[in-house]
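J.: Could you put together the complete structure from these sequences and hints?
2 protein chains.
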Amino acid sequence: MRVIVDAMGSDNAPGPDVEGAIRAARRHGCGLLLVGREDAVRAEMAKHDVSGLSIEVAHASQVVEMHEHPAQAVREKVDASVVVGMRLLRDGAGDAFVSAGNSGGVLASALVGAGRIGRIKGIQRPAISTVLPHLHGHSFMLDIGANADARPEWLVQFGIMGAVYAEKVLGITTPRVGLLSNGEEDTKGNAVVQEAHSLLRQSDLNFCGNVEGKDITQGKADVIVSDGFAGNVAIKTAEGTASMILTILKREIKARPLASLGALLAKPAFKVAAKTLDYREYGGGPLLGVDGVVIIAHGRSDALAMENAVRVALEAAERDVVGTIREYIGGGQG
Amino acid sequence: MRVIVDAMGSDNAPGPDVEGAIRAARRHGCGLLLVGREDAVRAEMAKHDVSGLSIEVAHASQVVEMHEHPAQAVREKVDASVVVGMRLLRDGAGDAFVSAGNSGGVLASALVGAGRIGRIKGIQRPAISTVLPHLHGHSFMLDIGANADARPEWLVQFGIMGAVYAEKVLGITTPRVGLLSNGEEDTKGNAVVQEAHSLLRQSDLNFCGNVEGKDITQGKADVIVSDGFAGNVAIKTAEGTASMILTILKREIKARPLASLGALLAKPAFKVAAKTLDYREYGGGPLLGVDGVVIIAHGRSDALAMENAVRVALEAAERDVVGTIREYIGGGQG
Chain A
1 MRVIVDAMGS
11 DNAPGPDVEG
21 AIRAARRHGC
31 GLLLVGREDA
41 VRAEMAKHDV
51 SGLSIEVAHA
61 SQVVEMHEHP
71 AQAVREKVDA
81 SVVVGMRLLR
91 DGAGDAFVSA
101 GNSGGVLASA
111 LVGAGRIGRI
121 KGIQRPAIST
131 VLPHLHGHSF
141 MLDIGANADA
151 RPEWLVQFGI
161 MGAVYAEKVL
171 GITTPRVGLL
181 SNGEEDTKGN
191 AVVQEAHSLL
201 RQSDLNFCGN
211 VEGKDITQGK
221 ADVIVSDGFA
231 GNVAIKTAEG
241 TASMILTILK
251 REIKARPLAS
261 LGALLAKPAF
271 KVAAKTLDYR
281 EYGGGPLLGV
291 DGVVIIAHGR
301 SDALAMENAV
311 RVALEAAERD
321 VVGTIREYIG
331 GGQG
Chain B
335 MRVIVDAMGS
345 DNAPGPDVEG
355 AIRAARRHGC
365 GLLLVGREDA
375 VRAEMAKHDV
385 SGLSIEVAHA
395 SQVVEMHEHP
405 AQAVREKVDA
415 SVVVGMRLLR
425 DGAGDAFVSA
435 GNSGGVLASA
445 LVGAGRIGRI
455 KGIQRPAIST
465 VLPHLHGHSF
475 MLDIGANADA
485 RPEWLVQFGI
495 MGAVYAEKVL
505 GITTPRVGLL
515 SNGEEDTKGN
525 AVVQEAHSLL
535 RQSDLNFCGN
545 VEGKDITQGK
555 ADVIVSDGFA
565 GNVAIKTAEG
575 TASMILTILK
585 REIKARPLAS
595 LGALLAKPAF
605 KVAAKTLDYR
615 EYGGGPLLGV
625 DGVVIIAHGR
635 SDALAMENAV
645 RVALEAAERD
655 VVGTIREYIG
665 GGQG
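Protein chains in written order, with my numbering: chain A, 1 to 334; chain B, 335 to 668.
Hints in this document: simulated from the structure, not taken from any laboratory. Among these hints, one or two may not hold up.
Said to hold, decoys possible - Computed cross-link-like contacts, EDC-like style, restricted to lysine to aspartate or glutamate with a CA-CA straight-line distance of at most 16 Å: (1) B:K548 x A:E239; (2) A:K168 x A:E19; (3) A:K220 x A:E184; (4) A:K168 x A:E327; (5) A:K214 x A:E195; (6) A:K214 x B:E573.
Unchecked claim - To list a few chain A residues with every Cβ distance to chain B over 10 Å, as calculated: (7) R2; (8) A46; (9) L53; (10) E65; (11) E76; (12) V112; (13) A114; (14) K121; (15) K168; (16) L170; (17) I172; (18) E185; (19) S203; (20) T324.
None of the values given here were measured: they were computed from a predicted structure. Note that beta-carbon positions come from the ideal geometry of N, C-alpha and C, so glycine has one too.
T.: The structure is reproduced here in structure tokens:
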């Protein structure tokens, strides 16, 4: 297996991107194709032991910046790392593509421009996804940003794609699929969610009904389906809340000498809790529905996050997530 | 001032409802009109010192249950505590009404049925609101559940009502009004949010742009405007995340004797942090846009939460939130 990695994606690229990819190559025995400014990428590679690893570099002179309009940028910047990486995936130069760049840019480069891989036949809209921790394990949420407005039928397809991913990669048999809503009752939801609820009930999925914000962390569902607006609000609110709680705790502990001593003794417990909540452990979420394995890593990714994102890419490629989605959807509803 | 309290509202009613109201009456020197099954209410009152307090009981034989369809229930149950309480508010028997009952039931009883108080003239839709903690203080979010689908103009009115409340009751001068969205950039959002963004830009409000889920806890805005769907997802996700983190921390600490000792030493710091996050401290959120002061307390309210909800009701009544909203909106846009 060979993973194509956008070396210019993360906020601190190319350092974490290159280091994380090298670590993953060492640990999982995969080949790498690093895409970005060749001199910068090789300079980063020189900082690490790459002996015995199969690593190639594909030069890309441009980068899609955070402030740019994604679709316009990937059309204009034909030599952007995310465009070149996607093109290499399409042309079979690797089995998966990982980028910690602007998620809108990754999505756009999959759908338009010189690297376009397009959607799986029958899929109406791709979805960006993420793994989320809950009290008893992990759930998988999609869409978290590709489609701010969604149609009910799209949400059903998100449910199918999420179930495939949860089963194939997360190892959850017959995953429970829930629909993010503003109440548990079947009648709750905005107009789109109410219609999606009916469609999901009629589907072959193991649909467990509506899931409220507080149910996410209870692990009520294995797959949580949402439009990209509410899904994005949910994950960013969870992230912000976790960060606030830890900040307040630290602040209050620091203000008290005895509490500081106590916190030192309790540190191993804090560490385990922090690890559970650490987005870097999950590496990245697949962009599902496009015709290839594409993993979007967090923009703030460090080397650990990138290493895990490459692992996720390998798992998705090895377990043929794209082929399985194609089987379930293929041709039927296009 | 006299506050009308739905004694049958909370999950454990009438105990916490009656006790909290009595505590508030003692602390803030207000009168009370407790609404509910008279024998049950008086039995609860007998458990507390009510000497010198001005407390009356209004009998209401029915209760709107959590599983009921709110609008239908308040139409059919003319003697439900929430309907009777709302009617007493309309008829001038008190200055504000507090209920920890089914929030849909409180909303419905304000708009339809025997207790209907109706909307403030010019207000297109009422909104349910809440106070949220952030790193440096508190913000105020609306709508969190009254309108799962919203029109852009409604969101602008939510901004106006929220700003009035933040200024009058929370004491924030020229509050910054933000719009909940899936990205900071002006172009982010679903179709309704994008249009609301333009309208808010043109308004007289101190509009600070889009607010992401993670900005909520950073205190980027004093007032956060949302439709009732995404707003509900946000607050319940925050609640669920906070609860999950504390549960995981406790679990990991308990598993380690040394960490348990440490946590004991750090307890005062934990307590302050927990208090910051405790919804009970905020008492309840006003139902804004209806023609009277109505406070919806959390269904899981205990006596402390109810006491604070009555305090919030007093503040909103004393500072004439309804009259001020009427001045800003009145007749102009109806």
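J.: Indicate, hint by hint, whether the structure satisfies it.
T.: Verification of the hints:
At most 16 Å may separate the alpha-carbon atoms for a hinted pair to count; K548 (chain B) and E239 (chain A) meet this at roughly 6 Å. In summary, the hint linking K168 (chain A) to E19 (chain A) is not supported, as the alpha carbons are separated by about 28 Å, beyond the 16 Å threshold. Proposed proximity of K220 (chain A) and E184 (chain A) is supported: the alpha carbons are some 11 Å apart, at most 16 Å. For the hint pairing K168 (chain A) with E327 (chain A), the CA-to-CA distance comes to about 13 Å; that is within 16 Å, so the pair holds.
For the hint linking K214 (chain A) to E195 (chain A), the alpha-carbon distance of about 22 Å lies beyond 16 Å, and the restraint is violated. Restraint check: the Cα-Cα separation between K214 (chain A) and E573 (chain B) comes to about 6 Å, which is no more than 16 Å; the hinted pair holds. Against chain B, the non-interface label of R2 (chain A) holds: every CB pair exceeds 10 Å, the least being about 33 Å. At the 10 Å boundary, the C-beta of A46 (chain A) stays outside the reach of chain B, the nearest C-beta of that chain being 36 Å off.
Every CB of chain B lies more than 10 Å from the CB of L53 (chain A), the least distance being 36 Å, so the non-interface label holds. For E65 (chain A), the non-interface assignment is confirmed: its Cβ lies about 12 Å from the closest Cβ of chain B, beyond the 10 Å cut-off. For E76 (chain A), the shortest C-beta to C-beta distance to chain B comes to about 17 Å, beyond the 10 Å cut-off, and the non-interface label holds. With a least CB separation of 17 Å from chain B, V112 (chain A) remains clear of the 10 Å interface cut-off, as annotated.
The claim that A114 (chain A) lies off the interface holds: its Cβ sits roughly 24 Å from the closest Cβ of chain B, which is beyond the 10 Å cut-off. Listed as outside the interface, K121 (chain A) is consistent with that label: its C-beta sits roughly 27 Å from the nearest C-beta of chain B, beyond the 10 Å cut-off. Separation of K168 (chain A) from chain B is adequate, the least Cβ-Cβ distance of about 26 Å exceeding the 10 Å criterion. Distance check for L170 (chain A) against chain B: the nearest CB is about 19 Å away, which clears 10 Å, and the non-interface claim stands.
Listed as a non-interface residue, I172 (chain A) keeps its Cβ farther than 10 Å from every Cβ of chain B; the least gap is roughly 19 Å. Interface exclusion of E185 (chain A) from chain B breaks down, the closest Cβ pair being 8 Å apart, not more than 10 Å. Chain B leaves S203 (chain A) outside its interface by the beta-carbon criterion, the shortest separation being 22 Å against a cut-off of 10 Å. Even its closest Cβ contact with chain B, about 28 Å, leaves T324 (chain A) beyond 10 Å, as expected for a residue assigned away from the interface.
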